[in-house]
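Sequence lines, in order, name chains B and F.
In terms of my numbering, the first sequence opens at residue 882 and continues consecutively.
In terms of my numbering, the second sequence opens at residue -1 and continues consecutively.
Hints are not guaranteed to be accurate.
Unchecked claim - With a straight-line cut-off of 20 Å between C-alpha atoms, the simulated EDC-like cross-links for lysine to aspartate or glutamate are:
| hint | chain 1 | residue 1 | chain 2 | residue 2 |
| --- | --- | --- | --- | --- |
| 1 | B | Lys892 | F | Glu146 |
| 2 | B | Lys1397 | B | Glu1415 |
| 3 | B | Lys1848 | B | Glu1816 |
| 4 | B | Lys1062 | B | Asp1077 |
| 5 | B | Lys892 | F | Glu190 |
| 6 | B | Lys892 | F | Glu174 |
| 7 | B | Lys1483 | B | Glu1525 |
| 8 | B | Lys892 | F | Glu182 |
| 9 | F | Lys144 | B | Asp1625 |
| 10 | B | Lys1612 | B | Glu1582 |
| 11 | B | Lys892 | F | Asp99 |
| 12 | F | Lys144 | B | Asp1541 |
Claimed, not checked - Label-pair restraints from in silico Cβ distances:
| hint | chain 1 | residue 1 | chain 2 | residue 2 | range |
| --- | --- | --- | --- | --- | --- |
| 13 | B | Asp907 | F | Asp99 | 39 to 49 Å |
| 14 | F | Thr140 | B | Ala1517 | 25 to 35 Å |
| 15 | F | Thr140 | B | Leu1144 | 44 to 54 Å |
What the hints contain is simulated information worked out from the structure, not anything from laboratory work.
These figures come from a predicted structure and were not determined experimentally.
Every residue gets a Cβ at the ideal spot worked out from N, C-alpha and C, and that includes glycine.
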Amino acid sequence: MSSDARWESVKALFRRSLEQPDAERDAWLRRECREAPELLADVQRLLAARHKPSSILADDAAQVLGSLLLEEAHADAGLDASIGPYQPIRVLGEGGMGRVYLAERADGQFSQQVALKVIRSELVTPELHLRFLRERDTLARLTHPNIAHLHDGGISENGEPYFTLEFIEGEPITRWCDAHKLDLRARVRLLLKICDAVQYAHRNLIVHRDLKPSNILVTAAGEPKLLDFGIAKPMHEDPAMGGLTGTQAGPMTREYAAPEQVLGEPATTATDVHALGIILYILLCGRMPFRRAALGQGGWNKAIVEESPEPLDRAVDRTASGSASPEVGGKSNANAQGSLDANAVAAARSTSPPALRRMLRGDPERIVQRALAKSPEARYATASAMADDLRAFVDGRAISGGTRTYQLRKFVRRHWLPLAAGATLLAVILASAMGLAWQAAQIQREARTTAAVKDFLLELFRSASPSVAKGKQVSVRDLVDRGAKRLDAIPAEQEELRAELQNTLGTVYFYLGYNKDALAMHTHAFEAFASRPEDALLAASAERFAATELATLGDNDSAQKKADDAIRRMRETRQASAHDLARALSTAGWIAKKRSDYAHSKQLADEAIELARQPPADPELLYLALSQRAATSRLAHNDSAAVEDYTQALALSIQLFGQDDQDTLNTEQMLGSALNRLARYEQAHAHLLAAVEISRRVFGENLSQTLGAEEMLALNESEGGRCKDAAARLKKVLALAEARVPADESQVAEIRLNYAEQIMDMGQLEEAEPLLVSTRDFLRRQSGSPVQELAQTLSVLGHVHMLTGKLETAESEQREALAMLQAAHDSDVAMELARLSEVLVQRGRVDEAVATGLQARDSAAKISGENSHPAAYAHTSYAVALLSAQQPGPAESELRAALKSYASLVPPEGLHPLSASARQELGNLLAARADGREEGLRLLTQAVTLCNEFLGADDPRSGQAREALAKLQGVR
Amino acid sequence: MLFAGKLPAGGMVDSVEITELLNAANAGDAAAQEAAYALVYDELKRCAQRQRRLAPGSSLTPTVLVHELFLRLSKQRAIKVNNRAHFFALSARAMRQIIVDHARHRQRLKRGGGVETTDIDHALELSGRNAEQALELDSALTRLAKNEPDLAQIVEWHFFAGLSFSAIGAELGRHERTVFHDWELARAMLHESMSGAPLA
């Protein structure tokens, strides 16, 4: 029976059984299902599911709405009057002590929102008052990044004591972990922060006593915060006060209580350790530790005192009916959580049920059992002792094999540096490395050796399987290391086999990124192969790998020698196919490119491409060679050649790997960048947009790849004159990057810089400045960040300072940026020189300004070419310097050159927003002459339009442009 | 796009306008459909708030709300017979949306820090579950509508628009009993779906 037909039968049976009297229904159904017993359970289940005591469907919609409205009325109450200097915004919660509001300063002194706790006047008994004040004192002593901290406190106009706390907008830790599908280690890392916070409180002689998921909120930034020390008690509590606050009478949440709390014994630091144990238990397996949870309050108490926690791996499979699991994941989430099945629990931990069960055995189980020991003495003595074990678990060499490595770190500047390649699964790497080795072996070697290699690798993997490794997880690195060690045991007469294995393990190391180990392996393998003529091809291929590894390790010259030697060996042996040779040529070309020997690199790539095209065609090899030649062309500033190769490479990539693939994505981006440099902005836009869309589909909306791709697209829009689109896009990308958890600070800095520069160009100086300052400070702290990024930040910031009249600062910033680039032998300094020249004009140092402007112009033409933004900009700056030196003739030709550059960038007229100043200067110049009035008028009109649109009518530069135009029109 | 314009802010909704919108919506004008929905939503919300001011949470039923509106419209010859089904569908949708809106609002009120647990809080807590369940029901119903649109319609009309089984039967030209059985089936499926088990 198909599942559709089966479902139709279930429905029909269900309807007909409703026709039966209640008492006879079940018997009737069993009779009906005698022929199809598989339907019986389904229909019974549906019949039972009709009535669910607490269901919302037992009411009607209006009752539901009515109670919602009632609650709202309740929650909105008390929001009118201010409390001290604070204005409540809404009710966050209610407790025995009073209300908690979200509030902000009514006097507008700070815009920060706070959680405001106020003790209700009708409830002010001496006892509550005391506890309230105690909480205030308790909190005032705690300053820890993972504890919500106290702002201030006082007495309101109505005589109600209040205090304000850091407002934490977040989700309970359990729910947050599920929503973000955190794996076990990430969960434990989060809890470690809370352990530290608890330890900190303990050191300050404070026990929390009410630790539970709803008291640990995780912020949007992924930071866990411990709240609610409302019932925290100082450990050295004055016995006289014991009667008031009552160590046992105080509120606590039953489900998270420790045995001593249930038994009315004093709470100690071990009580908090127990609660941390329960939270850990839930985070790990999604259940409460005690099966007896279903039995209500009395059952709970009994369970806490008597029942040992169910082993984690078994708890995973506990069914919904076996546990009421109150409060898992925060209070209001009880329903949803309690009914999760093992699949859902595992999915929320980014794994599968069998893998989860496996991971929960061993260390996690041991830690949980110790934290949840019934007797306080048997538990971890301190939160930090527990944290030590948790840390050992997290740092354990084990890796699950499902970890994705994202390598894409890049630096997108206006000059479009290439993007590195992306993410791969370790398992895939291993499999393909092994696959390659086997393939090579199968072609080359007799079957017996091949089988030996295969056995060796299989044995290696078998040793990592859970049954052999006895529950300990083994990392891929460990595994390969283990294999390398075993090689020593291979007897001398099997040297060939050893070489083969060294070759294979070398390749695995290489794919894992351990280049040094890879180099050692390949070198040994090469030496063994090289002495045997029948292994000539293997020798050449091991040597080629060694060359790649040397280059990756930075020794380019040795790498080139090895690669050239590998080519020689390939040419000499008849074992090598055209494609083997092409591969070696490609490697050598890549190394030559790294050595900035572009001519040689291109020569090698030309031959590789020709060979790769020989039948039988190898499109993948051709793709690699084309991409590489394109990259070389790009570096040699031959962008048209790069566009041609990338276009072919793109077609191949789509054919080979499909549309949604990292390689296709990279190629789209590289092609877009090359088109961009040719100022073919519209074509570039299409490819960069395609890249963004691929990235969205492959990686998701806000992964760094996608953000980087969209950033490139924004820079394209900016250069193509679509400044508003660019600013909006950068703003969006920046917000997404900042909201990422955890945030990639360097990427945020980079996007912030580009966004700041964009809005600076649009006259939003006040907004741009703080962004630039924070970027500068971040980059200065960051030791490894590229010099160009800091230099660009300083230069843009200097320009903002010049525009806001801080000339001295501006000059020193431009000079620092220049010095930095020069120290790094980066000759791409046109923008910095041009901006320096503008500052010098402002400071009245005309001769220096003219000299600097000239340098800027020449540098721009040399590095970026005449048809480029730096050239257009430098022409303008130089012209401004010439004008202030009373040289209108040369200034005019510079301005015309600037407009010509802009026209080539944004055809036909070059109406790029940044061209406004060149238009204005030239317009003024021409307006002074009788024969130039008409052209001057046109240029000034354009300048006014551009200024108004992009800088806004209020910007002083727009004002200047309007004045100039008005003056000219007046003269007329 | 006859009625794509902005809705009048505040004040009473013009019944004639609703009629015109319903007619146009019946004729397949998507914009009119949206506009009619928005009017009904507004109107229902206003009814609900009026009820709340009178007697918080007590006498409010969807039947009262929807029929108050319906009566007022039909008194002014506003609703033609063939518009009735359409009108109930709109009302149910609006009611459902209002509940979802309030439930979300309610949940926002619950978020944030510094909340203590006591008896008072517990009272709020129970009804916080209402909001949770309302949202769960909403998504379960969306899932149901994908596979069993007819069953989902009955839930909408009965639960959200407050129509009796016989009224629904009359609208759909089916026997009251059949409608009731469908309701039972839909409810069972929703319960299963809301507790996480797979639907059908």
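Compare the structure with the hints numbered earlier in the document and write down the numbers of the violated ones, lowest to highest. 2, 4, 9, 11, 12 and 14
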